[in-house]
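Number of protein chains: 2
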Amino acid sequence: MNQYEKICKDMGQRAKTASFELAQLDQETLDSALLAIADAVEAQTDEIMAANELDLEKSVDYNLPRTMIDRLTLTPSRIALMAEGVRQVAALESPVGSIIETITRPNGLIIEKRSVPFGVIGIIFEARPNVTIDAGVLCLKTANATILRGGKEAFHTNQIIVSIMRNTLESLGINGDSIQLVEVLDRDLVGVLLQQREYIDVIIPRGGAGLIRRVVEDSSIPVIETGSGVCHTFVDEFADLEMALEIAVNAKVQRPSVCNSMETLLVHQAVAREFLPRLNIALLEYGVRIHGDEAVAQYMVNTIPLTEESFSTEYNDMDLNVRIVENLEEAIDHVNRYTTHHSEAIITDEPMRANVFMNLVDCSTVYHNASTRFTDGFEFGFGAEIGISTQKLHARGPMGLQALTSYKYFVFGEGQVRT
Amino acid sequence: MNQYEKICKDMGQRAKTASFELAQLDQETLDSALLAIADAVEAQTDEIMAANELDLEKSVDYNLPRTMIDRLTLTPSRIALMAEGVRQVAALESPVGSIIETITRPNGLIIEKRSVPFGVIGIIFEARPNVTIDAGVLCLKTANATILRGGKEAFHTNQIIVSIMRNTLESLGINGDSIQLVEVLDRDLVGVLLQQREYIDVIIPRGGAGLIRRVVEDSSIPVIETGSGVCHTFVDEFADLEMALEIAVNAKVQRPSVCNSMETLLVHQAVAREFLPRLNIALLEYGVRIHGDEAVAQYMVNTIPLTEESFSTEYNDMDLNVRIVENLEEAIDHVNRYTTHHSEAIITDEPMRANVFMNLVDCSTVYHNASTRFTDGFEFGFGAEIGISTQKLHARGPMGLQALTSYKYFVFGEGQVRT
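As they're listed, the protein sequences go chains Y and S.
Just so you know, the first sequence maps onto residues 1 to 419 in full-length UniProt numbering.
Just so you know, the second sequence maps onto residues 1 to 419 in full-length UniProt numbering.
Don't take every hint at face value.
As the list claims (entries may be wrong) - Just some of the chain Y residues that point at chain S, by a computed CB distance under 7 Å:
#1 Phe118
#2 Glu217
#3 Gln254
#4 Tyr367
#5 Asn369
#6 Lys392
#7 Ser406
#8 Glu414
#9 Val417
If you are wondering where the hints come from, they were derived from the structure by calculation, not from laboratory data.
Every residue, glycine too, gets a C-beta built ideally from N, C-alpha and C.
Go ahead and model the full structure; you've got the sequences and the hints to work with.
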């Protein structure tokens, strides 16, 4: 057994042990721990800022892009917001222990399907220290132990946050191994971690497409794939074009860096001539670059010619592909060819056409006459979000607390045997 | 692209196309197709028998064990039962399209969480031709396309069954590619199939531990792990020993070859002296071989000494490990060390002790005062079963029709945008 295997097995075993202890705590105890963590995080704002400063100094060596530095940077008010987020999670109702269904059988057996924690959840993410606290806290809320592996760019910040959470737990008599941070940053160790099927029940990667693909390919532990979003909006020939314009602009520019923003707009040929020039004017105001073919260039100025990859690209920026389609079928085919199974929208006044589109496009969340930007645990009213699943197994779309639980059948008998 | 990749991609593409067509059919059409399949299977009993005969002739070359030959052998009455099973599935209510939850948001968005088919399901199984028809039919019922890969031992039988199903579908104007059989039996092709994440949405392996481990390790497609069962029964010091005896005998001998039968009995030391000799007598009648240590040998005759592997072995036969434990905690620790996360039972008259055991053992289904033999889709009242999941993601325990669906959020707006 090499050194990495030793480290991973040891972390796995300790997490598993902690998970059994967490499973025995009542919700009140877990929620008090969350509140204590919120207080401790605020009380240690200076220490967190100092650690964050170390990471920011190093970010020059890492050549981090501006947006990433922005995500990495903490301020006292951002830390206060983090603490506030923890308090909000403490106030949520936990699904753990709730009875999903009761089946009474003719032979008298009573079968209760109850929500239970997964046990140990591994979270692999990039340079966003807010994920460290969010993930640790959401898992703790649902009585799961966590193994966190964050990006090297946020290493010192992650270290102090995890250490605050662990110390708080221990001061309350709760096993500190409930939240562990991987401190060896060699990628090879992640590969070994992804084989610890005996100890880790599920892996949730959060980050860019590359990270997610690597985790999906390397893991023998079940994975919940999250995140990448090439989202489409189809403006149908029967669309209210005023509404279509407002939704399209919102889906593109309101926050282009996130996964539920629009990357491609499809427009029915019958309304292209009327709609595209107006869209062009509206988007120019925000500096959006339009990628389109010659047909699109007839109606929009300064278009960038499409390349082979355009329709598969998640720009996460002020870029938009535009394509004119012949009919509804071509729109559906385009979406299903390029979808990352995240969020898609149709704008139309014809409910039957909306119905066909909504049933046939293969994605987690499909919209009729609304912006794709709503695919979000808070916007769905979950009060929390651990990520957005783009796979079909277990959880799909925004994942709240329920997605962090499994279920278990509790069967109560009086001596029944099978005949 | 090598030949196997070509075959797998082609099957995958055709299945995906069929899955979109299936998603547009109403339940009545799907159910009529199931009834037509049932009729066709019965009508072609002679052809199925002839193909089965070919497989049985070959079974000599394969050196198949008796139990496997028994599972492989079809008779007209077994074929009639298969058809009857299909008719029962046709009569079940389908979860597809049902609304799981409706969320109305303050901004007026209406979010419907609806059951939807997975799309394409791959089923990899061994020499049981009944799985061919069961799996094909359960997937069809839930509007999923299927790719079936059965064992070489049942090749001709599988071929004729799939061809009857496909011909029936085509005669009704339904895409025959809704049910496909892998006809190249080289194992390397399975490895390639397990990489077709673009086309196959989920893989369900059904068979022995070796098959399942291989699929879990090789697949980049999400897998629902099924089946292997090292099930325990713990006879507590506060057990009704009469009841314990009846349950233990049932769990061991009623059908030892299946995954929910008992492989290990744990008994509290306080009742070992009273219970084990009685158990010994009861089990001797069925020829059960007892594997135990010296402590056990004090109370039971003709015990076979335990080896390193005994507690991890799924005998699927008239063999039973027996161990005396000090207390409840030791029983729980033993179970959690050796469990395959299938089914476990405690026999006790103390509800608080049952509660501790039931919460802490890590398995799909946990019993208080009943036999583990009830872990079964039909015994749970599901009316069907595609397998028993031993993982925590998506489905756990007996999987009925619901386990063959995912969900999708349908969001209805009136022009809402995010601010």
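Here is how each hint holds up against the structure:
Using the Cβ-Cβ criterion of 7 Å, the hint placing phenylalanine 118 of chain Y at the interface with chain S is satisfied: the shortest such distance is roughly 5 Å. For glutamate 217 of chain Y, the shortest C-beta to C-beta distance to chain S is roughly 5 Å, which falls under 7 Å, so the interface hint holds. Taking 7 Å as the C-beta contact cut-off toward chain S, the hint placing glutamine 254 of chain Y at the interface holds, the least distance being around 6 Å. Satisfaction of the interface hint for tyrosine 367 of chain Y is found here, the shortest Cβ-Cβ separation to chain S being roughly 5 Å, below the 7 Å cut-off.
Satisfaction of the interface hint for asparagine 369 of chain Y is found here, the shortest Cβ-Cβ separation to chain S being roughly 5 Å, below the 7 Å cut-off. At a threshold of 7 Å, the smallest CB-CB gap from lysine 392 of chain Y to chain S is about 4 Å, leaving the interface hint in force. Because the closest C-beta pair between serine 406 of chain Y and chain S is about 4 Å apart, less than 7 Å, the hint holds. Evaluation of the glutamate 414 of chain Y hint against chain S yields a held restraint, the C-beta minimum of about 6 Å falling below 7 Å.
Nearest Cβ of chain S to the Cβ of valine 417 of chain Y: about 4 Å, under the 7 Å cut. The hint holds.
Checked against the numbered hints above, the structure violates none of them.
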